Amino acid sequence: MKKPYLLFLAGALVASSAFADPPLNAQGYIDGEGIRFDPQTGDYIVTYYGDSPQGDRLITLVYDTPNKIKPGVRTRLHATNGRDIAYRYDISNGKAARQAIYAFSFSVRAPWWENSSLVTHANAASQASAGNMPGTAQAIEARISYTGTIESTRMQQSTKWLPEIAFAKSNQAFRVRWQAHPNKQPLDDIQPGQKRHGFGLTMPYLPGLIKVAFSGDSEPFKFAGAAGGDSKIWKDIDKLLFGSTAPAPTVQSLGPKVLIPDPFNAKTLAAGIGNDLASWVEAGQLSEPLAQRLGLALTALGNAAELENSSGVSANAERVFYEIFSRHDGMRHQDGEEEREDEAARKDHPELSYLAARALTFNTFELTRRYFMSQLPKGK
Amino acid sequence: MDFKPLITLLAIVNPLAIVPFFIHYTQGFSREQRIKTIWVYPVRVTSPVKAFRNCGIFKRMSKFKNLLCQCLTAFLLALSSNAQALTQCVFNQDLFFDPDQFPNPPNGYIAGPYDNESAALFAAKQAYFGPSGVYPVQTATQACKGQFVSMDLRLVSGAGVRDIPYFDSGGYFQLDAGQSLLVVNATRAICEYGQGMVGTRPVVYAPGYVLTCRDEMPLSIRLTSITEVRPAGTGGTTAITLTARVTTGASPKSGVPVGFAVDVTPNSGGHDHHDGSRPKGKLSAAQGTTDANGEVNVTFASPEISGEYTIKATCETCVNNPVSREVKVKVPELLNIFALPFRDPQWAYPGIGQVPGRHTDSHYLTITAATRLLGLAQKFNKIWPATPKLTLNDASLAWGGKFDIPATWDRNPRAHAEHRVGDNIDVRANSAPGAVPANIRKIVFRWLRNESLPDDNISPELAIESVSPLWENPGTQNEHFHLRLGN
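Protein sequences appear in the order of chains L and A.
When you line the first sequence up against our numbering, it's residues 1 to 380, in that order.
When you line the second sequence up against our numbering, it's residues 1001 to 1487, in that order.
No lab work stands behind these hints, which were simulated from the structure alone.
There may be inaccurate statements among the hints.
[What the hints assert, rightly or not] Label-pair restraints from in silico Cβ distances:
| hint | chain 1 | residue 1 | chain 2 | residue 2 | range |
| --- | --- | --- | --- | --- | --- |
| 1 | A | T1476 | L | D230 | 34 to 42 Å |
| 2 | A | A1286 | L | T245 | 42 to 50 Å |
| 3 | A | P1406 | L | R36 | 28 to 36 Å |
| 4 | L | P53 | A | A1261 | 37 to 45 Å |
| 5 | A | T1237 | L | K235 | 18 to 26 Å |
| 6 | L | T41 | A | A1261 | 57 to 65 Å |
| 7 | A | T1310 | L | Q185 | 43 to 51 Å |
| 8 | A | T1237 | L | R36 | 34 to 42 Å |
| 9 | A | K1442 | L | S287 | 44 to 52 Å |
[What the hints assert, rightly or not] Below, a list of computed lysine-lysine pairs in the DSSO-like style, where the Cα atoms sit at most 30 Å apart:
| hint | chain 1 | residue 1 | chain 2 | residue 2 |
| --- | --- | --- | --- | --- |
| 10 | A | K1442 | L | K95 |
| 11 | L | K184 | A | K1280 |
| 12 | A | K1389 | L | K184 |
| 13 | L | K195 | A | K1382 |
| 14 | L | K195 | A | K1389 |
Owing to the predicted nature of the structure, the values given are computational and were not obtained by experimental measurement.
Where a beta carbon is used, it is the ideal one built from N, C-alpha and C, also for glycine.
Model the full structure from these sequences, guided by the hints.
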């Protein structure tokens, strides 16, 4: 009687051990697991215990990180005749890059303005409007049509590059992205040493600092079998593929940040410009003391504008310009402000970066210009 | 089913019809109880009936008819109320067993509380005089042990306070509500070896053992809790507290033992398979005792497997024993994408992945994920208009939770590890019809990798979610893209 019982126990033990993962070590890994950076190739060597056609075992795969690129951004700003500001970006990929750039994006913490538009002139002039966006939809049918409206309008008109806007559901942030159209052969990826011109958008926002993130064309990471789980190695793999372990290269640039009020209100706009300075300090582009002085000048400018004290507006605008020009001699605003081609010419001041100075110059000029325009007698 | 109205009607139409009902309802009563029922309850309810009569309800009846109906109605009401209210006798202390004679309490003795006074008195007599006839007789001395010569009991409160001489005649004492019975004195035999009983001595029971009888409603139990909880491993609340409350009438009853058990409904939660090894979650305790509020709590920790679970509470002394509570272990508000426009082949072909006997309903997503998937499918079709539509494989089960592909509940923890909360779906990317073709598979994956997902949880870095796809099982018949759609 005992033998069958013992056999059953032994069988159960073998079966259970066959399905159980090996024990974890002090680091929370199964022995042999880990993620190792290879400085020679820039790849990550990933070893995990997981599913494969041969059963559970240690599997080693190479992750070709999509960050072997040398991105550059050249920004142009242009005030349109109306309320909008046109932003144009030229994208380059350095010769030392080992991958092509196939997508880039930036995120903005600001409400999306429904009448904004995206443009892509990389290969052919095109424009995709994201207009006619309905407000908050409650029912799923409405949400689906909401999505459909945006997608259809912006995708119909793209050519070699696809522009895209993604909104936070709260509509308090949006992400703008362009990618080489995946079904236009040959793909218009930006190869090492190449440039593409004319990506842009038009929005009723004054510029602020943004970070443009780029994606390199890498070999996809393919799991041998099923993926996922709660173990430390799986969390680390997730972080590697989609998180902070191998972050996408970013470039600081200018993008739409400060909503221009409609109808125009100089005090509101001055406050918006001043509030955005805090993010410049966070980004290390502006010193705290200078930010405070600029903030006071902008507040005073706004107050003077509210009182229709034009000389006060001018005086405070001069205070702002003085702070800028005393640090970046030779910077002058022109209609159609354009970043210099010569990257080496960009010299950052410890208190105010060149990029921040450009944005502040543009914003202060636009604020005062629009104020004085609003003071002109109507109909003349 | 409540037959009282029918009985009442029958009694009015044909008064003799009450006889079989009387026999039925007093089944199990002793002769004395039946007599008491006949005499006491009609009197108890005469007053309200009189009141009805004076209000004119019976005024049109003849005097004889009036009297007859009064009696019958009262009698019926008495019968029905007798089924609800019982005299409950409890000792205010545990019954005492003389350790000289009974080192161990007699087998089968229960300290109470008792369902009725006769049961309580019987227990009292057993306690003082030993269980009847269960002691082995080996010697005369041993036979002598435990014999009580006499015992006096006294009613110490309530109407008709008087001494009651004990006599072991097989009858019982009549105790009315509000009366208490005090053991005043008892005399126990003194035995000598081989001599039998040679004398007696009084036994003093201090501070006295009081048996109090009062009218009480029968005990009843109720089990309450929220009725839905998320499966373990899906975030949020995965455990709930159930409260069993024992009451007598409206009053809580403390000290009542309550047992707990959990079971699961076969094939619930989207699992078409069932066996004895199916996880049932965990209860924090298998039993407990009600506190001063009449309550005892137990915590149910949900398993990873969704489904319908039944928690049962047992209370042996309760009239409604046992009671149960159904708890749904599920991820709420998942939508079957069959019900969405995905059904329209214009966008995508859903519906592969069903395995009869395991899981045949496995295409559920949250509304957010479903909306995003629709957006993705639409984009895909516009970018690749000449390519077959996306063929959608498993998402989540109807109620979410662990998606055990091999139908073994806990094996293979990696396969479908993320298909639990309706924010993931697989897209076919193998050599089967409808799959993403091999020649564009890499570029489609690259496109998906950068696809944005709008999100309310905007981080300081303004990181709006992306699809974050995984490429699984390359080169096999199970090759697919695993899409994370977010919530």
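Do the hints match the structure? See the list:
1. Between A/T1476 and L/D230 the CB atoms are about 24 Å apart, so this pair departs from the stated range of 34 to 42 Å.
2. Separated by about 47 Å at the C-beta atoms, A/A1286 and L/T245 satisfy the suggested range of 42 to 50 Å.
3. Between A/P1406 and L/R36 the beta carbons are some 33 Å apart, a value that agrees with the proposed interval 28 to 36 Å.
4. A hinted range of 37 to 45 Å holds for the C-beta pair L/P53 and A/A1261, which are about 43 Å apart.
5. A/T1237 and L/K235 have their C-beta atoms about 23 Å apart, which keeps the hinted 18 to 26 Å range intact.
6. As the Cβ distance of L/T41 to A/A1261 is approximately 59 Å, the hint placing it in 57 to 65 Å holds.
7. Judged by the Cβ atoms, the range 43 to 51 Å given for A/T1310 and L/Q185 is violated: they are separated by roughly 60 Å.
8. The beta-carbon spacing between A/T1237 and L/R36, approximately 39 Å, falls within the hinted interval of 34 to 42 Å.
9. For A/K1442 and L/S287, the hinted distance range of 44 to 52 Å is satisfied, since their beta carbons lie about 47 Å from each other.
10. Between A/K1442 and L/K95, the direct Cα distance comes to roughly 25 Å. Compliance with the 30 Å bound is thereby established for this hinted pair.
11. For the given pair, L/K184 sits about 54 Å from A/K1280 by alpha-carbon distance, which is inconsistent with the 30 Å threshold.
12. With a C-alpha separation of about 18 Å, the suggested pairing of A/K1389 with L/K184 holds against the 30 Å cut-off.
13. Of the pairs offered as hints, the one joining L/K195 and A/K1382 holds, with about 27 Å between alpha carbons and a cut-off of 30 Å not exceeded.
14. Among the hinted pairs, L/K195 with A/K1389 is inconsistent with the structure: their alpha-carbon atoms are about 34 Å apart, more than 30 Å.
The structure shown violates the earlier hints numbered 1, 7, 11 and 14.
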